[in-house]
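Same order as they appear, the protein sequences are chains V and X.
Each residue of the first sequence is one higher than the one before, counting from 1 in the working numbering.
Each residue of the second sequence is one higher than the one before, counting from 227 in the working numbering.
Mixed in with the good hints there might be a few duds.
[Claimed, not checked] Pairwise CB distance ranges (calculated):
#, chain 1, residue 1, chain 2, residue 2, range
1, X, T595, V, N57, 52 to 62 angstroms
2, X, V511, V, N57, 26 to 36 angstroms
3, V, L70, X, L426, 50 to 60 angstroms
4, X, L482, V, N57, 32 to 42 angstroms
Derived by calculation from the structure, the hints in this document are not laboratory data.
Note that CB positions come from ideal geometry on N, CA and C, so glycine has one too.
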Amino acid sequence: MRCLVIEDEMDTARYICNGLKEAGFNVNWCSNGADGLHLAADENWDVVILDRLLPGNADGLSIVQTMRALRKSTPVLVLSALASLDERVKGLRSGGDDYLTKPFAFSELLARVQALLRRSAMHQDVAELMIADLKLDLRRHRAERANKVIALQPREFRLLEYLVRSQGQVVTRTMLLEAVWEYHFDPQTNVIDVQISRLRHKIDKGFSPQLLHTVRGVGYMIAVHD
Amino acid sequence: MIRLFNTVAFRLAMGYGVLVLCAVAVISAILYLGTVEVMDREINAKIFGVSDRLIKRFAEHGLEGVQQGIDQLLTDSIDFDTEVYLLVGPDGKKIIGNIDPVTSDAMQLDQLVDEQVVRYGRKSSSRLLSHQFTSGSVLVVGRDMHAVHELNQLVLRALGIGGVLAVVIAVGGAILFRTQLERRVAAIRLTVLEIEAGDLDRRIPVLDSNDEFSRLNHDINHMLDQIQHLMEGVRNVSNAIAHDLRTPLGRIRSLLDEALRQDRNQEELSTAATNAIRQIDDLTVVFDKLLQIAEAESGTRRQSFEPVGLKEIVTDVVEFYDAAAEAKGIRLTIGVEGDPTTLGDKDLLASATANLVDNALKYAGSDSTIRVRVVQDRNTVSIVVQDNGPGIPASERDKVMTRFYRGDRSRTLPGNGLGLPIVSSISQLHSGTFALEDASPGLTARIVLPRVRASGRMGERNGRNGENPLPAQKPVLESE
Numbered sequence: 001m002r003c004l005v006i007e008d009e010m011d012t013a014r015y016i017c018n019g020l021k022e023a024g025f026n027v028n029w030c031s032n033g034a035d036g037l038h039l040a041a042d043e044n045w046d047v048v049i050l051d052r053l054l055p056g057n058a059d060g061l062s063i064v065q066t067m068r069a070l071r072k073s074t075p076v077l078v079l080s081a082l083a084s085l086d087e088r089v090k091g092l093r094s095g096g097d098d099y100l101t102k103p104f105a106f107s108e109l110l111a112r113v114q115a116l117l118r119r120s121a122m123h124q125d126v127a128e129l130m131i132a133d134l135k136l137d138l139r140r141h142r143a144e145r146a147n148k149v150i151a152l153q154p155r156e157f158r159l160l161e162y163l164v165r166s167q168g169q170v171v172t173r174t175m176l177l178e179a180v181w182e183y184h185f186d187p188q189t190n191v192i193d194v195q196i197s198r199l200r201h202k203i204d205k206g207f208s209p210q211l212l213h214t215v216r217g218v219g220y221m222i223a224v225h226d
Numbered sequence: 227m228i229r230l231f232n233t234v235a236f237r238l239a240m241g242y243g244v245l246v247l248c249a250v251a252v253i254s255a256i257l258y259l260g261t262v263e264v265m266d267r268e269i270n271a272k273i274f275g276v277s278d279r280l281i282k283r284f285a286e287h288g289l290e291g292v293q294q295g296i297d298q299l300l301t302d303s304i305d306f307d308t309e310v311y312l313l314v315g316p317d318g319k320k321i322i323g324n325i326d327p328v329t330s331d332a333m334q335l336d337q338l339v340d341e342q343v344v345r346y347g348r349k350s351s352s353r354l355l356s357h358q359f360t361s362g363s364v365l366v367v368g369r370d371m372h373a374v375h376e377l378n379q380l381v382l383r384a385l386g387i388g389g390v391l392a393v394v395i396a397v398g399g400a401i402l403f404r405t406q407l408e409r410r411v412a413a414i415r416l417t418v419l420e421i422e423a424g425d426l427d428r429r430i431p432v433l434d435s436n437d438e439f440s441r442l443n444h445d446i447n448h449m450l451d452q453i454q455h456l457m458e459g460v461r462n463v464s465n466a467i468a469h470d471l472r473t474p475l476g477r478i479r480s481l482l483d484e485a486l487r488q489d490r491n492q493e494e495l496s497t498a499a500t501n502a503i504r505q506i507d508d509l510t511v512v513f514d515k516l517l518q519i520a521e522a523e524s525g526t527r528r529q530s531f532e533p534v535g536l537k538e539i540v541t542d543v544v545e546f547y548d549a550a551a552e553a554k555g556i557r558l559t560i561g562v563e564g565d566p567t568t569l570g571d572k573d574l575l576a577s578a579t580a581n582l583v584d585n586a587l588k589y590a591g592s593d594s595t596i597r598v599r600v601v602q603d604r605n606t607v608s609i610v611v612q613d614n615g616p617g618i619p620a621s622e623r624d625k626v627m628t629r630f631y632r633g634d635r636s637r638t639l640p641g642n643g644l645g646l647p648i649v650s651s652i653s654q655l656h657s658g659t660f661a662l663e664d665a666s667p668g669l670t671a672r673i674v675l676p677r678v679r680a681s682g683r684m685g686e687r688n689g690r691n692g693e694n695p696l697p698a699q700k701p702v703l704e705s706e
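One chain only, chain V, in its complex shape (with noise of 0.2 angstroms):
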């Protein structure tokens, strides 16, 4: 996977880049806006991870709307330190496919990026979705477990596709806050953990392998593990 960094701040950029390529990411950094746009829409990039405020007050979004008018649908993560509802709209507007405000956990740059990877691999429309013995039915809205039907009400259905549509690769709470209520406001209380929860006992509880993994300190998996 070849990754842009457009970062001008030397420790973040190192943070990073080191961490995409521990991540196994061929990783290239570029620290001005006119490298960065040179280099972004010249070559062909898998994911472009783009900093905001650049030197000389260059706003990286431009780069952004420079690549969307040059027809690259290469996805790009915008980092800012500005953290308002306003900047993230208008982040997303100029063509930006996320938006990560600093400062930020590594673990969710990850996640969201990989995000971005599987969103631009994954675009057929599908009818169902499964993963062992756990299967999606996306038309009636319907999820079945080893052919026993699970009640699940609206957005806990949207939760499990999601997560499903991810699987075998770690979701973050803000990332499903995001995606399934499509709301911009964090709660104080861990209540994605408690939807989760309930969800995992729904699915997961009399049956076998376990399928919904809580990963420490970053988010949730489903996957098959051994």
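Got chain V sorted already, so can you dock chain X onto it with the hints?
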């Protein structure tokens, strides 16, 4: 004078004065032409008429006839005080007339001339018309112009005085105008200067008259209220930064310092790092919330407001929390009347509702019931979150709205004292109010927002101030 001219009021009044003067000049010209000129023309016509009659008489009766005619005219006592006649023989001697013979080189024949003559032994300024007959005799017909000249003078003088008076009135009016305006403006300037000097509480006195200045003052006062509110917000935030952000920073610092001091093993170091990261994350959340409040208070998001259905938002939030409530053994119910709609931001309203439900879940205690309702009346829609837990003592209800305030019971629970201030600022952003009430037992949190008509059309909204002149319309329920 320069200072005087340098005011808008004076220039306006002066401009107006010049305009009035122009009007006076035009009226004067018309008046003058209508009186003096008309009179002048009548006199000329009469002189020509009499002269013609006498010339005709000469043709019929000769010089005798003319002499008789003049004699008649002089004795008929018509125009006795103004008429001028003279008949001079070819030898230059006066035959008949009421003026002394005029030196003929001053005269132009058959043309009107204004000339000084001696009439009945007295000097007179007269208009004369001379005609020489074939016999060499000269006829002079004329009129004494003294009265006309006097009238002319009178009219001109009247117009002059009128003009001067108009100028005086215009200038005086301008000065009066200026002082009046200056007085009203001075009140504003005085207040502004006082505010500039740091006294933000000052307001411009507003008279009852509802004139332009009163309205302007009212608007300025309103703006000052807003600025003061923002200033207080900034002050609060700086206090908050001083107290509530430095403390955790100090904690993190000492934690890391401690970890470095003695020879710690790998495991202890990594525990310290993890702890530090967790505390920094908490601090980031505090930052985000403060920014959220600041963003709401700045009012910039109002630009992207659109009609939002509260039914959907509140249902989503309750659904979001139902698992958490279930886990705590708390009943969470929802009740929505009709399809209440307000003008606002979906995310912020969801955030406000979530904060209230979150709070209730935290403090209501197990085995309690939380009722979330959306109710509406003619002009407002309200989001009401009511629990039957211990509630908040009346003395503390105001304090919990201030940033970073933690009640005694909440100190042990996770949180940052920003939840209710966020709800409050979001309510204000939506031109609404937020209040905590005693539910005996428990607490009722109520967000009251202006209502908009539940129609699907965008942009059909009522005023920001919450007046809603539209009758309550039967709302259309969205099917789930």
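Outcome of the hint check:
1. Restraint check, T595/X to N57/V: a C-beta distance of roughly 54 angstroms satisfies the suggested window 52 to 62 angstroms.
2. A beta carbon spacing of about 29 angstroms between V511/X and N57/V agrees with the range 26 to 36 angstroms that was offered as a hint.
3. Take L70/V and L426/X: their Cβ atoms lie about 52 angstroms apart, and the range 50 to 60 angstroms holds.
4. The hinted range of 32 to 42 angstroms is satisfied by L482/X and N57/V, whose Cβ atoms lie roughly 34 angstroms apart.
Violation of the numbered hints given earlier is absent; every hint is satisfied by the structure.
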